[in-house]
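Chain order of the listed sequences is A and B.
Last residue of the first sequence: 383 (UniProt numbering), numbering continuous.
Last residue of the second sequence: 383 (UniProt numbering), numbering continuous.
Be careful, since some hints might not be right.
Same chains, same names: a pair is fine if it fits in one copy or spans any two.
Said to hold, decoys possible - Dumping the calculated DSSO-like pairs for lysine-lysine here, alpha-carbon to alpha-carbon at most 27 Å:
1) 98 x 287
2) 63 x 17
3) 63 x 327
4) 27 x 63
Don't read these hints as lab results, they were simulated from the structure.
All values reported here derive from a predicted model rather than from experimental measurement.
2 protein chains.
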Amino acid sequence: MKELQELRNRIDEIDSKLIEIFEERMKVVSEVGRVKRENGIGTLNEKREEAVIERGRSLVKDKTYEESTISMLKSIMAISRSHQNSSNCRDKIDAIDKIMDSVVEKKDKPRVVYQGVEGAFSFEALKQFSSDCSYTNVDNFRDVFEALENGECDYGILPIENSSTGAINDVYDLMREYKTYIVGEELVRIEQCLFGVQRAKIEDIKEIYSHPQGFSQSSNFLSQYGDIRLMPYNNTAMAAKMVSEENNISKAAICSKAAGELYGLKCIKEGINNLTDNYTRFIIVGKNLECDNECNKVSVILTLPHVSGSLYETLAHFANNGLNMLKIESRPTGDKAFEYFFYIDFTGNLDDGVTRKVIEDLACESIDFRLIGCYKQSCDMIK
Amino acid sequence: MKELQELRNRIDEIDSKLIEIFEERMKVVSEVGRVKRENGIGTLNEKREEAVIERGRSLVKDKTYEESTISMLKSIMAISRSHQNSSNCRDKIDAIDKIMDSVVEKKDKPRVVYQGVEGAFSFEALKQFSSDCSYTNVDNFRDVFEALENGECDYGILPIENSSTGAINDVYDLMREYKTYIVGEELVRIEQCLFGVQRAKIEDIKEIYSHPQGFSQSSNFLSQYGDIRLMPYNNTAMAAKMVSEENNISKAAICSKAAGELYGLKCIKEGINNLTDNYTRFIIVGKNLECDNECNKVSVILTLPHVSGSLYETLAHFANNGLNMLKIESRPTGDKAFEYFFYIDFTGNLDDGVTRKVIEDLACESIDFRLIGCYKQSCDMIK
Chain A
1 MKELQELRNR IDEIDSKLIE IFEERMKVVS EVGRVKRENG IGTLNEKREE
51 AVIERGRSLV KDKTYEESTI SMLKSIMAIS RSHQNSSNCR DKIDAIDKIM
101 DSVVEKKDKP RVVYQGVEGA FSFEALKQFS SDCSYTNVDN FRDVFEALEN
151 GECDYGILPI ENSSTGAIND VYDLMREYKT YIVGEELVRI EQCLFGVQRA
201 KIEDIKEIYS HPQGFSQSSN FLSQYGDIRL MPYNNTAMAA KMVSEENNIS
251 KAAICSKAAG ELYGLKCIKE GINNLTDNYT RFIIVGKNLE CDNECNKVSV
301 ILTLPHVSGS LYETLAHFAN NGLNMLKIES RPTGDKAFEY FFYIDFTGNL
351 DDGVTRKVIE DLACESIDFR LIGCYKQSCD MIK
Chain B
1 MKELQELRNR IDEIDSKLIE IFEERMKVVS EVGRVKRENG IGTLNEKREE
51 AVIERGRSLV KDKTYEESTI SMLKSIMAIS RSHQNSSNCR DKIDAIDKIM
101 DSVVEKKDKP RVVYQGVEGA FSFEALKQFS SDCSYTNVDN FRDVFEALEN
151 GECDYGILPI ENSSTGAIND VYDLMREYKT YIVGEELVRI EQCLFGVQRA
201 KIEDIKEIYS HPQGFSQSSN FLSQYGDIRL MPYNNTAMAA KMVSEENNIS
251 KAAICSKAAG ELYGLKCIKE GINNLTDNYT RFIIVGKNLE CDNECNKVSV
301 ILTLPHVSGS LYETLAHFAN NGLNMLKIES RPTGDKAFEY FFYIDFTGNL
351 DDGVTRKVIE DLACESIDFR LIGCYKQSCD MIK
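Here chain A stands alone, though its shape is the one from the complex (with noise of 0.2 Å):
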């Protein structure tokens, strides 16, 4: 379309001359960082920056354009303030790079922990992850945690988010409480099943145990028996084992078909789940940092200064790298009331320049920052 190209061509031009102004204006901006650092100024004036905005708008000629250009404005602001917080934070960032250095090799035959008993999901992820491997299990997920913290184990498996439900919370603030890495991540296709005991019918069941994940993935099938209770139980697997071992006819287990059959229980209805697409993503922890370049995503997790716009411009160095932001989670700090900590996985690799200045950008401009792993993304398979 010849219409179109002339206009690009035109655009062209003005860039040109747009991107020699600007390099002018990082020259000036580089200055005033370095008189800043000389005088323990800090980067950031909010004063200054409101003056910038107001004198750019008394400047714009057809209004029509007075919002964008006041967001030119700031953006460019933003890019200069990050620019400068780069030369003045060099022990944020040489602390980072000392962590972006110490990755170590993937063990063999490695010692694995999982939580629940045999058939529970994360078993299957166990199977999943490796079949060249010891393991044992355990009750809760901070006892997962605390066998890595002990040495007692190479690796943890631990359930981090399904598709219908949503995150783990639970997983998300023991990961900040510990200081463990994410090595890998396994995506295990949840069916879940009703059993009871051997000659049980839908009709006989007056409870029905499970994890709570369970009940709300079959909330659509479970609606339909209003006066049968729901008991929450630490892992579906346990629930049915202790349904097995209690052989009363009245109660049943929501569970996978594996654990179900496992501890001798009879199917009542299977595929209960409300989506037929249900997965749940687990994560593999070790206690270091492990990044081989099959990797292709990254998890950090960082608490960001109260100020107007600071999760944009953190989001900012994603997109201006080309990074692709994956997921995004705020928890409590737990420090204080409605304070978050931001948990974000981004694509990227440890090795590539662009992944390691964005994290060194990161660490910078957060109060708190910890890269928490790079592993090889399990997610594509279904997309």
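Assemble chain B onto chain A, guided by the hints.
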């Protein structure tokens, strides 16, 4: 400081040129938008944007500024796209304007529904919300929305977030499912207490009943009593009622002081929550949008296109317009595995032109968008 002032004067001069060139560029961008509109061509052209970036990269003279220059070009293209979009989605803007104009007045002597029983924290939120209302209670969160939908009440009261344990996901999901609006919020200070029957001591207790949130908020206290079984219950006050009715020395409940006393129980231990600053935020939901000049907080729910940086560009609207994002939650859409919708709270009022413009822009750029309320923020009091 003279040196700093001189540098700033130079930046001002440069900005005058920058704004002139930027305005020139925006005029051409508007032309491009018109041509695209007339020919049914979409706004985003990734190939063209990449070409602009590569051309820009080759024009930077001092490589120190390469990353900053690319960031600048990317944000200018995002600003241009947003400008073109807002001329291209008149229908969406008209629809959202109609909703913003549908504001009704607050109900006098309203009929209010809360979840739980008397003594529940929801009941305290209700008393804080209105001293001049009639009220009834229901068993679960969904029943509150059903009562609203069926016209059985004017307002419903629901917990949405606890300051130490985070979002109450079920309520977020129900807010998306039902076409209701948030018309207010109440902050209730939560003190969890352990209550038993009259002669009970801590040594007698074998089972503790409470809402799972009661357990998480008191996890430090409970970790000292590993042998006591935790029995999840729909509501803390209902747990107290049940313990009172069963009158068994081995059973206790975690609930508020008010609930324990209401059901004639004995307080075994007060204030067992981990954080003394423990609050739950309740929302008041109604069938209609309400907004008066005291309101300073807006809530929206949106789904974004699967394009790198789309969340970043959405947040740009808040940052560029001086509106502060107060909260962001991501939840699975339930339609397809690992697809999310975002729930965002930000500062604003529907009578304010800037807020309206931001809401229109969000509506334009989202796949799905819903304005779910404008109300007075209650969180200020504890900051």
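*Within, between, both or neither, where residue 98 and residue 287 count as close if Cα-Cα is 27 Å or less*: within (16 Å within a copy, 55 Å between copies)
*Checking residue 63 and residue 327: alpha-carbon separation at most 27 Å within a copy, between copies, both or neither?*
neither (38 Å within a copy, 32 Å between copies)
*Between residue 27 and residue 63, at a C-alpha cutoff of 27 Å, which is it: within one copy, between copies, both, or neither?*
between (30 Å within a copy, 12 Å between copies)
*asked:* If the cut is 27 Å between Cα atoms, do residue 63 and residue 17 qualify within a copy, between copies, both or neither?
replied: both (23 Å within a copy, 17 Å between copies)
Comparing the model with each numbered hint stated earlier shows that hint 3 is the single one that does not hold.
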